[in-house]
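Engineer: Listed here are the chains, written in short residue letters.
Protein chains: 2
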Amino acid sequence: MFQLHERLLADTVLIGEFPLSLVLLSKDANYPWVILVPARAGVKEIYQLDQEDRLQLLHESCLVAEAMEALFKPHKLNIATIGNVVPQLHMHHVARLETDAAWPGPVWGAVPALQYSGNVLDDLVADIRDSLPSLVMSSK
Amino acid sequence: MFQLHERLLADTVLIGEFPLSLVLLSKDANYPWVILVPARAGVKEIYQLDQEDRLQLLHESCLVAEAMEALFKPHKLNIATIGNVVPQLHMHHVARLETDAAWPGPVWGAVPALQYSGNVLDDLVADIRDSLPSLVMSSK
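Each protein sequence line maps, in turn, to chains A and B.
Under this note's numbering, think of the first position of the first sequence as 173, with each following residue one higher.
Under this note's numbering, think of the first position of the second sequence as 173, with each following residue one higher.
The hints are simulated quantities; they were obtained by calculation from the structure and are not laboratory data.
Hints may be right or wrong, so weigh each one.
You can't tell identical chains apart in this list, so a pair holds if it fits in one copy or across any two.
To be verified - Below are the BS3-like pairs computed for lysine-lysine, each with C-alpha atoms no more than 27 Å apart in a straight line:
| id | residue 1 | residue 2 |
| --- | --- | --- |
| 1 | Lys199 | Lys248 |
| 2 | Lys245 | Lys199 |
| 3 | Lys216 | Lys245 |
| 4 | Lys216 | Lys248 |
If we strip away everything but chain A, and leave its shape as in the complex, we get (with noise of 0.2 Å):
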């Protein structure tokens, strides 16, 4: 049975719900950060899923990524599966822009997370909820 990763589970919010993954938002307040989590028990790699799948994935990652450059006029999108850590597959989706904490890098391991003051955070997941009209409010 699919369950959340722990460490994804302690590191994110839950935005909501596309018809294959959970749309989470990372807390770390350097960059604006949302990951993808397909619920399937026991997937680690994207080709591992069926083709439906694989075409869900998809889409919902274009979804995520156009709202994204609209929300946040980003200079570069970065998307990537590496769960060298985490095995669990999730997808990152991370607006850059140049004069964020860690660009022109990569932001894995890059500079120490940054926690959302007041209620950016709140705000933050209403907007991107706002941008994913397909999206269902999880009521967990």
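Got chain A sorted already, so can you dock chain B onto it with the hints?
Structural biologist: Coordinates of chain B only, in the frame set by chain A:
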């Protein structure tokens, strides 16, 4: 007109061509590292490809991932479109081992590139070609 970015040209050798993408091998001997570059001009992000190209890129990426899995038996594949330095859309596929130079961190900027010795690079290109029967050999 599509033209491979000079940085990618300098840092890789051509393995062959899929219907959409050039298939390149990084000259960095630290990790088996294949890069797909969709032959489309002016594209920075996956979502900017039309639907047909998106699906083709996903298909080509999964072929590369499965071939690398079989060839290198990695602990994890790292698949990413980053492009902070080279904006031309290119998708990294890196076979990661727990014994490699950057594990468990990401490979980008981790350690200086290492040169392949003797004909190891040529042998590797041949092995990857053999694992990707749908690849077209380039005459370039």
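Engineer: Each hint needs a verdict: does it hold in this structure or not?
Structural biologist: Outcome of the hint check:
Taking identical chains as interchangeable, the C-alpha atoms of Lys199 and Lys248 lie at most 27 Å apart whether they share a chain (20 Å) or sit on different chains (25 Å). Taking CA atoms no more than 27 Å apart as the test, Lys245 paired with Lys199 passes inside one copy only; the shortest distance there is 20 Å, against 33 Å between copies. Taking CA atoms no more than 27 Å apart as the test, Lys216 paired with Lys245 passes between copies only; the shortest distance there is 14 Å, against 31 Å inside one copy. For a Cα distance limit of 27 Å, the shortest separation of Lys216 from Lys248 qualifies both inside one copy, at 26 Å, and across copies, at 8 Å.
Hint compliance for this structure: no hint is broken.
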